[in-house]
Amino acid sequence: MAKMISKTFRTAFVCALVSALSIAGSTQSALAQQAGQSTVIGERYVPTIWIDPDGCEHWVMDDGAEGYMSPHTNRQGIPVCHRGDVCGVMNTDQLFATDSYRINASGRQRLQQFFQQSQARAYIIAGHTDSRASDAYNMRLSYNRANSVAGVAAGVGAKVVDVRGYGERVPKASNGTAAGMQQNRRVEIICIR
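Letter by letter, the sequence shown follows residues -32 to -1, 1 to 161 in mature numbering (1 follows the signal peptide of the UniProt record, and there is no 0).
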């Protein structure tokens, strides 16, 4: 009978101890979450760094926690990242045939030379068109042309962080004249330094 009471007592004691530890763990987890911290017991975090299209470096953890690498902010509280500016504008008439996104041989050579000589860390490629075709067609054509230029950049080892197609939506000049339309048919290369 004494063995039976001792065994029952030990079982009850172990159950009470497990319950107390689980309540303490959930309370600690709730307090950490309220404080904006996350604690993972028994797992290893794998941090990742990525660059967004504007050139900002972010760190990301497995659990979704994320932050900026740059401690500097502007007056609106937005992080100031790498400086990015348009460092190259290529008229698409010199790179592509009409209604095409295949780069001609002289255009490919010119782009390769540009990317090999540039000192930028990374690039954003933005394609633009005039307003002669439909908006949907121009969006697709401008993106495909920008993507072709990005392919040349990658071929010479340049890092392209984003490819954008704006179609006719960001004109440089009026589409009312032939000269204006020619200025709007362009690929802009934005250098991130």
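One or more hints might be untrue.
[What the hints assert, rightly or not] Simulated restraints on C-beta separations: (1) Q81 - V54: 13 to 21 Å; (2) S102 - W27: 35 to 43 Å; (3) H26 - T66: 22 to 30 Å; (4) V28 - A146: 17 to 25 Å; (5) G148 - S68: 15 to 23 Å.
In short, the hints are calculated from the structure, not lab data.
Using N, Cα and C, we set each Cβ at its ideal position, and we do this for glycine too.
Here is what the structure says about each hint:
For Q81 and V54, the Cβ-Cβ distance of about 18 Å falls inside the hinted range of 13 to 21 Å, so the restraint holds. A hinted range of 35 to 43 Å holds for the C-beta pair S102 and W27, which are about 42 Å apart. Distance hint check for H26 and T66: the Cβ-Cβ separation is about 40 Å, which falls outside the suggested range of 22 to 30 Å. The hinted window of 17 to 25 Å between V28 and A146 is violated, with their beta carbons roughly 48 Å apart.
For G148 paired with S68, a C-beta distance near 22 Å keeps the hint of 15 to 23 Å intact.
Violated hints, in rising order: 3, 4; the structure is consistent with all others.
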